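Visitor: Sequence:
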Amino acid sequence: MEQLPISSKYRSSPDAPVEEQERASLSEQLNAAYTEGRIDSEEYHRQLDVLFSATRLGDLVPVVTALGPRPTHQTPAIVESGRAAPGELTESRRPGGLALVVTGGVVAGVVLVVLLLTLLLL
Numbered sequence: 001m002e003q004l005p006i007s008s009k010y011r012s013s014p015d016a017p018v019e020e021q022e023r024a025s026l027s028e029q030l031n032a033a034y035t036e037g038r039i040d041s042e043e044y045h046r047q048l049d050v051l052f053s054a055t056r057l058g059d060l061v062p063v064v065t066a067l068g069p070r071p072t073h074q075t076p077a078i079v080e081s082g083r084a085a086p087g088e089l090t091e092s093r094r095p096g097g098l099a100l101v102v103t104g105g106v107v108a109g110v111v112l113v114v115l116l117l118t119l120l121l122l
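The numbering of the sequence shown is the UniProt record's numbering, which starts it at 1 and goes up by one.
Hints in this document: simulated from the structure, not taken from any laboratory. Computed from a predicted model, the values in this text were never measured in an experiment. Even for Gly, the Cβ is constructed at its ideal location relative to N, Cα and C. Warning: the hint list may mix true and false statements.
[To be verified] Label-pair ranges, simulated between beta-carbon atoms:
1) Arg94 - Arg46: 52 to 58 Å
2) Glu42 - Ala99: 57 to 63 Å
3) Gly104 - Gly68: 57 to 63 Å
4) Gln74 - Gly37: 29 to 35 Å
5) Pro69 - Leu89: 29 to 35 Å
6) Arg56 - Glu36: 24 to 30 Å
7) Arg94 - Ser8: 20 to 26 Å
Construct the entire structure; sequences and hints are all you get.
Guide: Laid out in structure tokens, this is it:
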């Protein structure tokens, strides 16, 4: 129980009864941990037995410590939705029509300036 902070309800009020909402939340977390491979099958079944036989919050300490600390942040939606490779702001693609028009206009402008300067200096 020393691994849990004093502010944890499992440590500060271990004799409080386990509510079904708490049991359901821990069950979902156990399922996710098993699915993600953070705990093996044997540990998963052992923790489920502890979870569903618990009557007090203090009985859930082994389950909570096996799950580890919960993340205190969420992944921003912009990171989740991106399909680009790491380090790229957008997906690589061939230049579109507008890029070709702008590039052609710049090249034509430079050629025109060079021709005008050549004519003026002759």
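Visitor: All hints are to be evaluated individually against the structure, with a verdict given for each.
Guide: Evaluated hints:
Range check, arginine 94 to arginine 46: Cβ separation about 56 Å, and the 52 to 58 Å hint holds. At roughly 58 Å, the beta-carbon separation of glutamate 42 and alanine 99 lies within the given 57 to 63 Å, and the hint holds. Glycine 104 and glycine 68 have their C-beta atoms about 58 Å apart, which keeps the hinted 57 to 63 Å range intact. The hinted range of 29 to 35 Å is not satisfied by glutamine 74 and glycine 37, whose Cβ atoms lie roughly 21 Å apart.
The hint said 29 to 35 Å for the Cβ distance between proline 69 and leucine 89, and at roughly 32 Å that hint holds. About 28 Å separates the C-beta atoms of arginine 56 and glutamate 36, a value consistent with the hinted range of 24 to 30 Å. Taking the beta carbon of each, arginine 94 and serine 8 are about 55 Å apart, not inside 20 to 26 Å as hinted.
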